[in-house]
Amino acid sequence: MPEQTQENKEGTDFSPEESLQLIQSMITKTKDAVAVDSFYFLFWGWLVFACCVVEYALMVWFEYPHHNFVWWSMPLGGIISGTYSARQARRKTAMTYIEEALSFLWIAIGISFFVMVFINVVSDAWKTAFTYYILMYAIGTFVSGKLIRFKPLIIGGILNFILAAVSIKFNFANQLLIGALAILISYIIPGHLLRIRHHSKKQ
Amino acid sequence: MFKELDPILHSQLRLAVVSLLIGVKEAEFTFIREKTNATAGNLSVQVQKLKDAGYIEVTKQFKDNYPQTTCKITPKGIEAFEAYVQALQQYLKVGG
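In order, the protein sequences belong to chains A and B.
210 is the number of the first residue of the first sequence in the working numbering; add one for each residue after it.
39 is the number of the first residue of the second sequence in the working numbering; add one for each residue after it.
Excised from the complex, chain A in its bound form (with noise of 0.2 Å):
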């Protein structure tokens, strides 16, 4: 076989159509790469409804006075959670740039949940704090719905919105149930959608 020039060996000798056509062919590869995971709507999103649902029991069905203690299962969440996201990251060979916007996103909400935990514990913001917490959903799924331009969750954000307001004129009991409402149909509808997304692209 001959050998190839230095030249030919780069590759410099193309038109530029076939310039164009080959930024546009890596542009495209690029946008494949931002894949959104659907494990978080759905771990979180089955976790806080299963809490939500559980605690209405205990509280309003079996009067059970320490009915609070189902949300020690969100520390373990948040372990699984990083544990997780921590195996993933080592896989991964490329981030986006809406990839880290993402990330920022849910970093600033799973701060502002901690913050509004620690609210709740030290005053009886408690009452209310379903409110806050569905507003929290409506920003996350909002977002990360524009971000990645997946109606689902837009829908899910807005629906949490008008959820949290309306929120606001129940008692604790009864929040809980919007709070599972708001859940389902902001995480877990749209995570499972996604997921259906995910798995019709790759065949």
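Simulated from the structure, these hints should not be mistaken for lab results.
Bear in mind that the values here come from a model prediction, so they are computed numbers and not experimental data.
Among the hints, a few may not be true.
[To be verified] Dumping the calculated DSSO-like pairs for lysine-lysine here, alpha-carbon to alpha-carbon at most 30 Å:
id	chain 1	residue 1	chain 2	residue 2
1	B	Lys131	A	Lys240
2	A	Lys301	B	Lys98
3	A	Lys355	B	Lys110
4	B	Lys101	B	Lys114
On the provided structure of chain A, position chain B as indicated by the hints.
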């Protein structure tokens, strides 16, 4: 004919690398290799040329005991890429 086109960018593999890095914050060597279908040897050479030109930043570190090379476009690289695309557009206007 393509005198005005930046010779650093007017090379298929280097242009592919820069176009990939334009769309991401940073990417590992393995990601670039997979997307460009280049051989590791050739890609290393071209990445080094882009680095020497100041168009990309290359960081080498260890991840889980494996060496890992991460590439990131620099402001100078973005500028050069934009100028290159503008020059291309002029060629296409004249040609078309």
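Each hint, compared with the structure:
A hinted pair counts as satisfied when its Cα atoms are at most 30 Å apart, and B/Lys131 with A/Lys240 qualifies at roughly 28 Å. Distance restraint check for A/Lys301 and B/Lys98: the Cα-Cα separation of roughly 16 Å lies within the 30 Å cut-off, and the hinted pair is therefore satisfied. Proximity of A/Lys355 to B/Lys110 is assessed by CA-CA distance (about 26 Å); at most 30 Å being required, the pair is judged to hold. Straight-line distance between C-alpha atoms of B/Lys101 and B/Lys114 comes to about 28 Å, which keeps the hinted pair within the 30 Å bound.
Hint compliance for this structure: no hint is broken.
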